[in-house]
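Those protein sequence lines, which keep their order, are chains S and B.
Throughout the first sequence, residue numbering follows the numbering used here, covering 4 to 716 in sequence.
Throughout the second sequence, residue numbering follows the numbering used here, covering 336 to 496 in sequence.
Keep in mind that a hint or two might mislead.
Covered by chain S, per the in silico footprint, the following chain B stretches (three or more residues, Cβ under 8 Å) [claimed, not checked]:
hint, region
1, 383-391
2, 396-404
List time: in silico DSS-like cross-link candidates among lysine-lysine, alpha-carbon distance up to 30 Å [said to hold, decoys possible]:
hint, chain 1, residue 1, chain 2, residue 2
3, S, 357, B, 427
4, S, 243, S, 219
5, S, 396, S, 342
6, S, 641, B, 369
7, S, 510, S, 568
8, S, 470, S, 524
9, S, 693, B, 379
10, S, 18, S, 506
11, B, 388, S, 693
12, S, 342, B, 442
13, S, 524, S, 619
14, B, 379, S, 357
15, S, 641, B, 379
16, B, 454, S, 693
17, B, 369, S, 599
18, B, 473, B, 379
19, B, 369, B, 388
20, S, 619, S, 557
21, S, 357, S, 524
22, S, 342, S, 357
23, S, 173, S, 130
24, S, 342, B, 427
25, S, 568, S, 641
26, B, 454, S, 624
27, S, 662, S, 524
28, S, 599, B, 388
29, S, 506, S, 419
30, B, 473, B, 454
31, B, 379, S, 599
No lab work stands behind these hints: they were computed from the structure.
Being a predicted model, the structure only gives us computed values, none of them experimental.
Think of the CB as a built atom: it goes at the ideal place given N, C-alpha and C, for glycine as much as any other residue.
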Amino acid sequence: MDVSQYLEIFIDETKEHLQNLSDQLMVLEQEPENMDVINEIFRAAHSLKGMAGTMGFKRMQRLTHDMENVFQEIRSENMKVESELIDVLFRALDALEAYLNEIMETANEGTEENEEIVNTLNSIAAKATGKEVPEGAAKTTESAKEGTSADSGAGGEAKYQSISISDFEKHTFEKAQNDNQNIFGITVYLQESCILKAARAFLVFKALEELGEVIKAVPSVQDIEDEKFEMDFSLLYFTKESLEAVKNAIESVSEVKQAVVGIYTVPDLHTSDSAADKPETKPEEPEAKQPAAKAPAAAQQAVKKQEAKPAQKAAAQKNAQQKTAKPTVGRTVRVDIEKLDVLMNLVSELIIAKNGIVSTSSADEESRLNSALNEQIEYLESVTTNLHESVMKVRMVPIESVVNRFPRMIRDLTKKLGKKMELHMSGEETELDRTVIDEIGDPLQHLLRNSADHGLESNEERIALGKDEIGHIYLDAYQDGNNVNIEVRDDGAGINVEKVRNKAIEKGTITPEQAEAMTDKEIIDLLFRPSFSTAEQITDVSGRGVGLDVVKTKIEGLGGNIECKTEMGEGSSFIIRLPLTLAIIQALMVELGTEKYAIPLGNIQTIEDIPFSEVKHVQTKEVINLRDAVIPLIRLDKILDVEPGEFKPESLTVVIVSKGDKQAGLVVDNLIGQQEIVIKSIGDYINCSKLIGGATILGDGEIALILEVNTLV
Amino acid sequence: MDDINDVQNVEVASEGKQYIVVHLGSEQYGIDIKYIDNIVRMSKITRIPMSQKYFKGVINLRGEIIPVMSLRLKFDLAPDEYTNATRIIIIKLESQSAIGIIVDEVKEVVTLDEASIEKPNSADANDIRMQYLSGVGKHVDGLITLLNISSVINDKEKEMI
């Protein structure tokens with residue numbers, strides 16, 4: 004049996020455990036006396052140790068083992084949690100993470116021993132007990148402890164008693180007996196929470212094979228390897244070792260809840276015969292239920308046999324019942340994202356087909372009158388919309404998985420920068436598409452580091468300014484219509500606009516004349532230009548000048564945008580807006596000449612009818628004045644090179660779109676209506692500027708291009 | 336077999352390759368059949384603004400959006416005049432997405448063995464159009480210009496706007 008197939012699950016689980024450990028350590032730092040937290044950490048360390056051991060990652064196992072030891076001492080109140088210990092534990096966590104990364108890349112844990120951390124941990128543990136704790140001893144006491152605690156738990160049945168043996172096997176038993184070997188029956192119960200069941204079973208087998216010989220397993224070894232068993236399996240086993248030794252060997256395998264070991268008495272010839280008969284009896288049973296005339300003799304025989312050994316039969320049936328009554332319940336299924344993409348594509352196709360039916364039915368007089376057809380179409384529409392939503396939901400992941408590493412990061416920064424600060428997070432449950440989640444971590448981390456390093460003043464400055472000594476950083480995520488907003492905010496000094504302005508002139512990014520004409524907002528937007536860092540001192544936390552532009556590019560790549568608001572002395576905030584979905588959107592269909600275009604509804608604010616007379620010119624650019632806002636007009640037909648339509652309307656139809664605070668009016672010839680559209684790529688052969696975000700297929704099979712409002716505005 | 340070895344850059348196939356012969360104006364071009372995914376009739380092409388001028392736009396091929404280029408514009412010939420015989424040949428190169436090319440007419444499938452294919456003369460290499468050719472095939476109906484389809488669709492020259 005090969006454990007490499009479990010590597011993926013190991014990596015996932017280890018990540019979860021490490022995250023859990025990190026969270027708990029953060030809590031422990033605040034509440035060093037909290038027993039629940041200590042227990043939780045102990046458990047997490049223990050599971051990690053077990054998993055690492057299973058996968059054969061010895062160094063990882065050793066490190067977690069030592070962590071576990073330390074917590075064992077804390078649990079038994081031999082020592083107290085001190086900040087020195089927390090620091091070591093965080094370092095141990097980092098080391099574990101390094102192992103994991105190595106494993107993820109090379110499937111091997113590498114050769115870093117982390118001797119120093121191990122030694123520190125050991126000396127802490129040793130100090131607590133006042134003596135050197137030999138590793139082996141610790142292990143045995145521990146496993147013994149586990150054993151006893153498991154014993155006191157739910158009593159397991161000795162299911163091995165119902166194992167049947169064949170004649171051939173019986174001979175082996177006799178031989179073994181003559182050979183002075185002990186014959187044990189063993190039933191191993193795994194913990195309910197155990198996921199790598201087959202791997203655990205494998206380890207049990209491995210442990211046993213070192214001491215003796217496994218004769219028979221129920222379910223069969225093949226089934227156990229394929230994980231076709233409940234939380235327990237039974238074995239018959241020859242060994243020269245004592246019962247206690249065997250039991251200990253099994254229970255030292257982690258996630259084994261209990262091992263019931265007992266002397267197996269070889270049944271005499273008669274019973275072993277009937278036991279061997281059993282498989283034959285079973286297929287006869289259904290026959291017996293058929294018309295009696297068909298095989299009355301066989302049926303009678305079967306009944307007789309059943310009566311002859313009711314006890315055994317009952318046991319077997321009980322076993323069978325248990326098996327059918329308790330099917331393995333998978334709480335979650337891990338699915339390859341590519342499979343979901345395929346599913347998503349199919350849903351898209353379905354929506355296109357549905358749009359096709361809708362458009363033909365509305366075009367056709369006769370079917371429009373056919374109310375039954377319309378009803379069905381409406382039904383179909385609601386089903387496809389729900390289907391789409393469900394598939395989208397499957398792809399959605401809570402943002403928590405990305406942001407939960409940030410508290411730790413801020414903690415480290417607190418130490419590194421010597422600034423007291425706190426991170427407040429909200430909306431961790433906000434969900435985003437999986438593809439977005441994978442990409443959003445780095446930009447967020449960058450923004451947080453920025454806030455911590457440049458945003459917040461030093462503690463002394465804060466006191467002098469009459470602010471709370473501790474700096475506050477906020478990370479808020481929330482859904483806003485079809486977007487998800489993530490806001491990184493601090494209550495620091497805010498951005499000094501004049502400083503940015505001067506810096507920009509100094510760097511030659513803008514001329515002094517340009518600088519005069521620019522609004523504060525435009526100046527702040529300069530921060531997102533490549534190679535623009537205002538930090539006077541470049542630290543290794545942030546400020547290498549490769550920052551915000553990278554953040555911006557990444558977020559725009561995900562179809563989102565970022566803006567910055569700042570208030571001198573009050574702090575600044577960066578707001579990231581991301582689209583909820585990437586594949587299917589609601590859009591407004593418009594006509595330009597004879598061509599059709601789609602404008603994503605998320606970008607649209609209003610649609611206005613503007614008389615020609617209200618179009619003003621500012622610096623040769625067309626603008627309109629709408630509710631006290633001056634909005635530039637964009638003539639789509641000019642930009643897109645569309646052949647002008649024949650009719651000349653007396654007013655302009657203007658679609659007001661926005662990107663952050665910026666607005667623009669897109670002039671279109673005609674509005675068609677709102678529609679759910681499937682975004683398709685137009686491939687990479689065509690170099691058509693960034694104006695076109697993709698294409699979609701309309702109900703009638705025609706193609707409409709999707710306008711990329713973010714590049715237009 | 337000796338004469339095959341005389342030809343430079345011998346291709347692996349000795350049985351000969353199948354080419355689809357298409358018409359473009361008065362010339363015949365051959366496209367290696369293994370790259371051809373489909374041949375479809377002319378359908379409505381949606382223009383893509385600001386694209387390379389030889390790209391006519393995109394078509395909807397059974398729910399897939401496929402970019403379509405005009406071979407005539409690519410080869411600096413007179414613009415296409417769509418007739419009943421006009422076809423779009425859907426090309427699928429390994430590991431690349433599909434692309435359509437417009438031709439005046441699809442004529443036939445021919446099998447050419449190595450002996451009847453003349454490799455392009457290296458002296459002509461300066462001619463821009465030469466890089467699109469993989470050779471000239473001799474057939475009963477006359478000469479067939481064999482297209483190097485990969486270089487036709489993956490244009491490296493700076494024709495971009």
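Hint check:
Note: the region 383-391 of chain B has 6 residues with beta-carbon separation from chain S under 8 Å; the three-residue rule is met and the coverage holds. Against chain S, the region 396-404 of chain B contributes 6 residues with a C-beta closer than 8 Å to a partner C-beta. That satisfies the three-residue criterion, and the hint holds. For the suggested pair residue 357 of chain S and residue 427 of chain B, the alpha carbons sit about 29 Å apart, so the restraint of at most 30 Å is met. As the CA atoms of residue 243 of chain S and residue 219 of chain S are separated by approximately 17 Å, the hinted pair is consistent with the 30 Å bound.
At roughly 14 Å between alpha-carbon atoms, residue 396 of chain S and residue 342 of chain S fall within 30 Å of each other, so this suggested pair holds. Between residue 641 of chain S and residue 369 of chain B the CA atoms are separated by roughly 42 Å; this puts the pair beyond 30 Å, and the hint is violated. Straight-line distance between C-alpha atoms of residue 510 of chain S and residue 568 of chain S comes to about 23 Å, which keeps the hinted pair within the 30 Å bound. Note on residue 470 of chain S and residue 524 of chain S: the hinted pairing holds, with a Cα-Cα distance of about 26 Å set against a maximum of 30 Å.
The hinted pair formed by residue 693 of chain S and residue 379 of chain B meets the criterion: a straight-line CA distance of about 24 Å does not exceed 30 Å. In summary, the hint linking residue 18 of chain S to residue 506 of chain S is not supported, as the alpha carbons are separated by about 43 Å, beyond the 30 Å threshold. Of the pairs offered as hints, the one joining residue 388 of chain B and residue 693 of chain S holds, with about 17 Å between alpha carbons and a cut-off of 30 Å not exceeded. The hinted pair formed by residue 342 of chain S and residue 442 of chain B fails the criterion: a straight-line CA distance of about 41 Å is larger than 30 Å.
With a CA separation close to 24 Å, the supplied pair residue 524 of chain S and residue 619 of chain S stays within the 30 Å bound. Of the supplied pair hints, the one linking residue 379 of chain B and residue 357 of chain S holds, its CA atoms being roughly 21 Å apart against a limit of 30 Å. Distance hint between residue 641 of chain S and residue 379 of chain B is fulfilled; the C-alpha atoms sit about 23 Å from each other, no more than 30 Å. Restraint check: the Cα-Cα separation between residue 454 of chain B and residue 693 of chain S comes to about 41 Å, which exceeds 30 Å; the hinted pair is violated.
Between residue 369 of chain B and residue 599 of chain S, the direct Cα distance comes to roughly 36 Å. Violation of the 30 Å bound is thereby established for this hinted pair. Only pairs whose Cα atoms come within 30 Å are accepted, and residue 473 of chain B paired with residue 379 of chain B is rejected, the gap being roughly 35 Å. At most 30 Å may separate the alpha-carbon atoms for a hinted pair to count; residue 369 of chain B and residue 388 of chain B meet this at roughly 28 Å. Between residue 619 of chain S and residue 557 of chain S, the direct Cα distance comes to roughly 37 Å. Violation of the 30 Å bound is thereby established for this hinted pair.
Distance hint between residue 357 of chain S and residue 524 of chain S is unfulfilled; the C-alpha atoms sit about 45 Å from each other, more than 30 Å. Of the supplied pair hints, the one linking residue 342 of chain S and residue 357 of chain S holds, its CA atoms being roughly 23 Å apart against a limit of 30 Å. For the given pair, residue 173 of chain S sits about 56 Å from residue 130 of chain S by alpha-carbon distance, which is inconsistent with the 30 Å threshold. Between residue 342 of chain S and residue 427 of chain B, the direct Cα distance comes to roughly 23 Å. Compliance with the 30 Å bound is thereby established for this hinted pair.
Between residue 568 of chain S and residue 641 of chain S the alpha-carbon distance is near 34 Å, which puts this suggested pair outside the 30 Å criterion. The straight-line distance between the Cα atoms of residue 454 of chain B and residue 624 of chain S is roughly 57 Å, outside the 30 Å bound, and the hint therefore fails. About 14 Å separates the Cα atoms of residue 662 of chain S and residue 524 of chain S, which keeps this hinted pair within 30 Å; it holds. For the proposed pair residue 599 of chain S and residue 388 of chain B, the alpha carbon gap of about 20 Å is at most 30 Å, so the pair holds.
In summary, the hint linking residue 506 of chain S to residue 419 of chain S is supported, as the alpha carbons are separated by about 28 Å, within the 30 Å threshold. Restraint check: the Cα-Cα separation between residue 473 of chain B and residue 454 of chain B comes to about 11 Å, which is no more than 30 Å; the hinted pair holds. Taking the CA atoms of residue 379 of chain B and residue 599 of chain S, the gap is about 13 Å. The hint holds against a cut of 30 Å.
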